[in-house]
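As given, the protein sequences belong to chains A and B, one line each in that order.
Residue 12 is where the first sequence starts when you use our numbering, and the numbers rise one by one after that.
Residue 12 is where the second sequence starts when you use our numbering, and the numbers rise one by one after that.
Please keep in mind that the hints were generated in silico from the structure rather than gathered at the bench.
In this text, a Cβ means the ideal position worked out from N, Cα and C, and glycines have one as well.
Errors might be hidden in some of the hints.
[Claimed, not checked] Distance condition first, Cα-Cα at most 25 Å in a straight line; then the derived PhoX-like pairs of lysine-lysine: (1) A:Lys42 x B:Lys350; (2) A:Lys251 x B:Lys251; (3) A:Lys281 x B:Lys281.
[Said to hold, decoys possible] Selected chain A positions facing chain B (in silico; Cβ < 7 Å): (4) Thr43; (5) Val71; (6) Gln158; (7) Gly290; (8) Val302; (9) Gly303; (10) Leu315; (11) Pro316; (12) Gly318; (13) Ala382; (14) Phe386.
[Unchecked claim] A few chain A residues that don't get close to chain B, going by computed Cβ distances all over 10 Å: (15) Thr32; (16) Phe39; (17) Val66; (18) Ile75; (19) Ser178; (20) Pro230; (21) Pro280; (22) Ser301.
2 protein chains.
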Amino acid sequence: MRKVGVALLGLGVVGGGTYKTITEHREFYQKTQNLDLVVESVLECDEEKIKALGVEEEKVASNIAEVVMNPDVNIVVECIGGTEAAREYVLAALRAGKTVVTSNKLLYAKHSEELERVAKRYNAGLHLEASCMGGVPVVRTLMSGLQANVITSFVGIVNGTTNYILSELSEQRGTFEEILEKVHKIGIAEADEEYDLEGYDAVYKLSILASLSFQTKIPVEKIYREGITRITEEDFRCAKDLGYCIKLLAIGKRREDSVEVRVHPALVPKEHPLAGVNGSYNAMFLTGDSVGDVLLSGRGAGALPSGSAIVSDVLFAANHYEDISTAFKHPEIANKNVKVITDFSSKYFLRFQIEGTTSKVLSLFTQKGVAIQKFIHRESEGELLVITHETKESVIKSVIAKIEERQLAKTESLLRVI
Amino acid sequence: MRKVGVALLGLGVVGGGTYKTITEHREFYQKTQNLDLVVESVLECDEEKIKALGVEEEKVASNIAEVVMNPDVNIVVECIGGTEAAREYVLAALRAGKTVVTSNKLLYAKHSEELERVAKRYNAGLHLEASCMGGVPVVRTLMSGLQANVITSFVGIVNGTTNYILSELSEQRGTFEEILEKVHKIGIAEADEEYDLEGYDAVYKLSILASLSFQTKIPVEKIYREGITRITEEDFRCAKDLGYCIKLLAIGKRREDSVEVRVHPALVPKEHPLAGVNGSYNAMFLTGDSVGDVLLSGRGAGALPSGSAIVSDVLFAANHYEDISTAFKHPEIANKNVKVITDFSSKYFLRFQIEGTTSKVLSLFTQKGVAIQKFIHRESEGELLVITHETKESVIKSVIAKIEERQLAKTESLLRVI
């Protein structure tokens, strides 16, 4: 039986989960994969973590050189996070011809071109399933399950923390602050709150997912981003009344000669497959020109779900060393400057505090050519709720400007609708 | 650019969809896969079908020998169906060292051992994504996305025809006969009605899915099978009242030294992810020891969804000729005689017409050690609805026997609950 040696860089949550997954399944992989998968080396400066997992002392490396020079190491798993040491270490591993498996979305979103170039040059593999949706095998599905399709669009729930918060808020299980505290307590939030709440994490993931789906590099800077902190309790109440829930979405659309890529909260109809994806679950709803709609969902984070993704990548790599880059068969197609649409089209939900008359407000929509799908006038609250048909972002903003200029109403909420 | 020649055996619905998918995406695959994928040969006796697709005359083969001897053919796609000609042709292709991609669940469920042995001997690939859930890449996910996991259980909706019928019945869109007629009219039913309605199609798919999930051959004869024809309108009404819908499920469970494999209708709680899978959609809800719960859903049949699965297999095979058998890394583990549990455990839904007193009926459950989760006594109709906690099939049957023996009630329905 062929022995496959793994090095783990970092033994935090993901690295620890990977260590456990590999060691506890050794016999299972011998039987089902015909491979003897063994952790041969770990690089971790926190001795507590090493001790807690029971890693044998002789397997603890003192620096990256020791790891990549180790002839027993075939595959290097990077779970350090960040882009400084992680980039240096991954490049060192690739240059030593080792296949790399990473869970590092930041590293990949920022440095994929460099990493892929080096991987190709040194004939080393580079796999990144765990970087996008934890245990949900969305990368493998895009690469090897639906690759016969032109992916025309996708809508994803890719950040478990915000999805948990929005689910709890929607069920009125506390105020935003209370739920945020709970999220920290159960350990599903990043120390840097903004990273989750303002949609940065989702943007990195979207950059990778859109690049894979549309076969062209989508830089993170070109992705529209809006977090969940501006959503009010009133928005949840209104959404529910209208038959919607609110989700933070990562959306990608393929257009004729351009793409649309955006992260923002949106109203999702109760009957949409994504509406039932609650708590810390992630999901991807994608459309291919042959297959039609496909939904994937599962746990988007956590030690063992991430371990599942990483070790599945490791096993795939061990069986396909020739498959040197999962991300692009053809890196050169990635270099063209893709046009990213900024004035995208969407349906919109608006909540107004009426100051003039409702009919005057509504007529401004019509004047600008915006069709209204439904509206509710709550006379006693002086509130007007509007859901439009699809229209351009620039047009909806000009309608709002006009309404406010004429002091017909105060715009209390503007949210997109899918 | 490497040219990859494909032969299509059969140009029916699936074969035609595959032909279209390949020809319409030629340029796309050149760009994204760095492959020139071309249909080099077709074998189809119906000239109308050949003409309708516009296949060039010189590509039409007159017999299988001509196809497998053609040096331009690298991959043979079998879409004939059945097990006679299909088996012979697939074996001929494998013996000629051609990789085979098939959508034929019957062939695979019945002859997988022979096919895999021959594939291995002649170093030819064998891929079967399209045989299970149409466009949903469940096979690839089990093989290359979640293979780090011990799959502990799965529950699937794998037959689109019955799912469509059950969805329509549940929405009261007609009688069973009317809906069945509609199903034939829109062309999603097999000519042989029993094949779908009595669960045979689901059994073949379950045999493949359970074999892949549990890494052991599950013969079709060992799978418990019950179709949807005994479900009454009253069952739908009661299920709805209790907060359930009814689905035909394919269930696999890994036990200590055995497996459970069964196809039968069951009540599914409204909040379960499978409850929202309606119409001709298929879905797989599976649980892995690391990843937790994962849901995959999409179109389970149709020309283009099946084309998506077949061509994704073709592209995967073209990039991984060394991956000779998708089904088992280790065919020898498949030969042990797995124990299939026949007296499985489940929750149950029972509908009784009360002839004695309700309390006497209920006390018989208690006497046999069956815990009741809820019951509703409809006094005016003399009806008692019971949902039990998990218990063995043999136990619930003995409870029913006792109730009928004592003439306490008439059992009008017995359905399992997940």
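In ascending order, which of the hints set out earlier in this document are inconsistent with the structure? 5, 7, 13, 14, 15, 16, 22
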